[in-house]
Amino acid sequence: MEKVLLKNIENPNSADVNEYKKAGGYSSLSKALGLERKAIIEEVKKAGLRGRGGAGFPVAMKWTFASADPKFPKYLLCNADEGEPGTFKDRPILEKNPHLLIEGMAISGHALGAEFGYIYLRGEYPEAKNILNRAIKQAYDSGLLGDNILGKGIKFHLAVHQGAGAYICGEETALIESLEGDKGQPRIKPPFPVNVGVFAKPTVVNNVETLSNLPHIIEIGGDAYSKIGSPECPGPKLYCVSGHIEKPGVYELPMGTTLREIIYTHCGGIKGGKKLKAVIPGGATTPILPPDKIDCPMDFVNMPKHGSMLGSGAVIVMDESVCLVKVCYRILKFLEHESCGKCTPCREGTGWLRNILERLESGKGADGDIDLMLSVSGNMMGKTFCPLGDGAASVVQNFLKHFRPEFEEHIKDGKCKFK
Amino acid sequence: MLSEAAIKELEELRQKYPNARAALLPAIYIAQREFGWASPDAYEAVSEALGVPKAIARGVGTFYAMYKHKPMGRNIVQLCTNVSCMILGAEKLVDFLKNKYGLEPGGITPDGRFSMVIMECIGACGTAPAMLVNDDFYENLTEKSLEEILGKYK
Ligand SMILES: Cc1cc2nc3c(=O)[nH]c(=O)nc-3n(C[C@H](O)[C@H](O)[C@H](O)COP(=O)(O)O)c2cc1C
Ligand code: SF4
Ligand code: FES
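Protein chains in written order, with the working numbering: chain A, 1 to 419; chain B, 1 to 154.
Take the hints with a grain of salt, since some may be wrong.
[What the hints assert, rightly or not] Over the 10 Å line for every Cβ pair with chain B, so calculated as not near, a few chain A residues:
1. E19
2. L33
3. K137
4. I149
5. T344
6. G382
7. N398
[Unchecked claim] Per label pair, the in silico range of CB-to-CB distance:
8. A:K401 - B:G151: 45 to 51 Å
9. B:E143 - A:V301: 41 to 47 Å
10. B:G106 - A:K383: 31 to 37 Å
[Unchecked claim] 25 Å max Cα-Cα, derived SDA-like pairs, lysine to any residue:
11. B:K68 - B:R58
12. A:K155 - A:A60
13. A:K274 - B:T81
14. A:K129 - B:N19
15. A:K271 - B:E143
16. A:K137 - B:E11
17. A:K247 - B:A20
18. A:K183 - B:A55
19. A:K62 - A:P304
20. A:K152 - A:P73
21. B:K92 - B:T127
22. A:K129 - B:R14
23. A:K183 - B:Q15
24. A:K137 - B:A20
25. B:K16 - A:D16
Just so you know, these hints were derived from the structure itself, not from any lab.
Backbone N, C-alpha and C define an ideal beta-carbon position, used for all residues, glycine too.
Chain A on its own, in the form it takes in the complex (with noise of 0.2 Å):
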């Protein structure tokens, strides 16, 4: 496949205003500025274009609801804040391509009649922020960006809004709180962000994954671009791989390459020949699979039938020697520390989980302990506020669901054998 998001990554010079337009950058967003706004919405509906933060919601939907609306301004968000654990295909877009993410956001900004757009960068990516300004900088000195781009008349601003170490700001409404100065709890919902969300302004947030392929569909058409990887679910797709793998790295393929393809032919297979034990298939909150699930096309739309998530694409791929009980305790470790704290279930549940699978690890647990986690999980599912907490329930429950029997080994033996 043709790369799109990651093309030209090697040219050193690649985050390079002039770079960027020698390869061809920026007549999208010349084309762009010449249609309607309405015929750009209809070519990401017509190329199926699905958010690529995780939920794999239709972009053209979110769009038309916030067009809709009639109050301005309206503000564009792109989420930059990539925090699932395992994830890092954003990265190279941020800090080897920052053009296409800015001429994706130019794009999408007309489209939607936003003045204004936010990349919301997390704190712990500070080489991307002095890349982004002096992109958004180079941006704004060629008048790609400001009040008259490229001479048509038509205004977008851009700046990015640091993010300070809360992986719950990833969550949209989280992100927009933080983004107005505010701790990074969730909202309610609705009001949707698409009518009040920043400001209480009309609001979109994409992920910099989503916005960086808008060139690419205005460059070939949504028809084009929907007869690239899985018709359901189309499109170019950034896989980040980790952990006990021959090659790691983030790779673009068609979306809808197998999990066994992407681990087998593309990444050349498990660290030193080893046996595979298990992948987390979509970043560290999705649901893990053994070893015979792997025949999975990974998209949106055909992971959930196959009993995960495709999530944020970050595959961690872990062999025989690793301890499931302390790979679940980790994560739910993680999960306790980013609860935000604003409901019962989330807040006290994944403390109790992570106390329970720490005693667990080390060799204290008792007879009970798995039922008692089930019980745990199941009170918090589809209680809490925001996706985090039900994450952290279905996290314990897909580790038992196919892992039982090494969580009751470790309560009888009374210790982990791993260690």
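Starting from the structure of chain A, add chain B with the ligands where the hints point.
Frame of chain A, contents of chain B with the ligands only:
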């Protein structure tokens, strides 16, 4: 008090937003840099500069992990121990820091040279284990490379 340069930086930042409150997070970053940590004086300065009540500035600031609410060492070792890093040996590095430098998670060396913070995935999982020292990424860490890298920070 913020330095003149910091006040100017803050004024420029303020222009990016429709109101002063939205500049709160970046303002705390600036104050933290000026005061060395997010101290009561730092919040006082932020509150004054933006016209945001001190209780609110502090209430918001303490929600976020990257504002440091105690004095820090000259260099901050930020080591990731989340899943991808953990299964590739990050915990050995935690032990190594403890044994070799007396550096514990959340702790500081007596000479003030290093502080250490455990991180929750820093987006370098493909080159795990990984850390940030101040603003610099270091990846594919081993005990040996960790020692060499830290040697560069005085
Ligand atoms: C706890 C939590 C964390 C999230 N973190 C991120 C993130 O780091 N990056 C991201 O793009 N979306 C994240 N999301 C999803 C966003 O809420 C939102 O769906 C997304 O930014 C929408 O953009 P998209 O439609 O382009 O995917 C997170 C959601 C939840 C519940
Ligand atoms: S589920 Fe957790 S993170 Fe989400 S609002 Fe409730 S406490 Fe906060
Ligand atoms: S898990 Fe350590 S950098 Fe992602």
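- Query: Is it the case that A:G382 keeps its Cβ farther than 10 Å from each residue Cβ in chain B?
  - Reply: The assertion about A:G382 holds, with a minimum of 25 Å to chain B.
- Is A:K152 within 25 Å of A:P73, Cα to Cα? Holds. A:K152 to A:P73 sits at ~19 Å (cutoff 25 Å).
- Task: With a cut-off of 25 Å on the C-alpha distance, tell me whether A:K137 and B:E11 pass.
- Result: It holds: about 18 Å lies between the C-alpha atoms, which stays within 25 Å.
- Task: Take the C-alpha atoms of A:K271 and B:E143, compute the straight-line distance between them, and say whether it is at most 25 Å.
- Result: Answer holds: A:K271 to B:E143 is near 20 Å, not above 25 Å.
- Message: Hint check: B:K92 vs B:T127, CA-CA at most 25 Å. Holds or violated?
- Response: holds (16 Å)
- Task: Verify the proposed pairing of A:K183 with B:A55, using a straight-line Cα cut of 25 Å.
- Result: holds (13 Å)
- Query: Can we trust that A:L33 is non-interface, i.e. its beta-carbon lies farther than 10 Å from all of chain B?
  - Reply: holds (24 Å)
- Proposed proximity, B:T81 with A:K274 (alpha carbon, max 25 Å): Roughly 23 Å between the alpha carbons, so the hint for A:K274 and B:T81 holds.
- Item | Assertion that A:T344 lies farther than 10 Å from chain B (Cβ) | At about 18 Å from chain B, A:T344 clears the 10 Å cut-off, so the statement holds.
- Message: Is 41 to 47 Å respected by the C-beta to C-beta distance linking B:E143 and A:V301?
- Response: holds (45 Å)
- Minimum Cβ-Cβ distance from A:K137 to chain B exceeds 10 Å: holds (13 Å)
- Message: Does B:N19 sit within 25 Å of A:K129, going by the straight-line distance between their CA atoms?
- Response: Answer holds: A:K129 to B:N19 is near 22 Å, not above 25 Å.
When the structure is compared with the earlier hints, a violation turns up for hint 17 alone.
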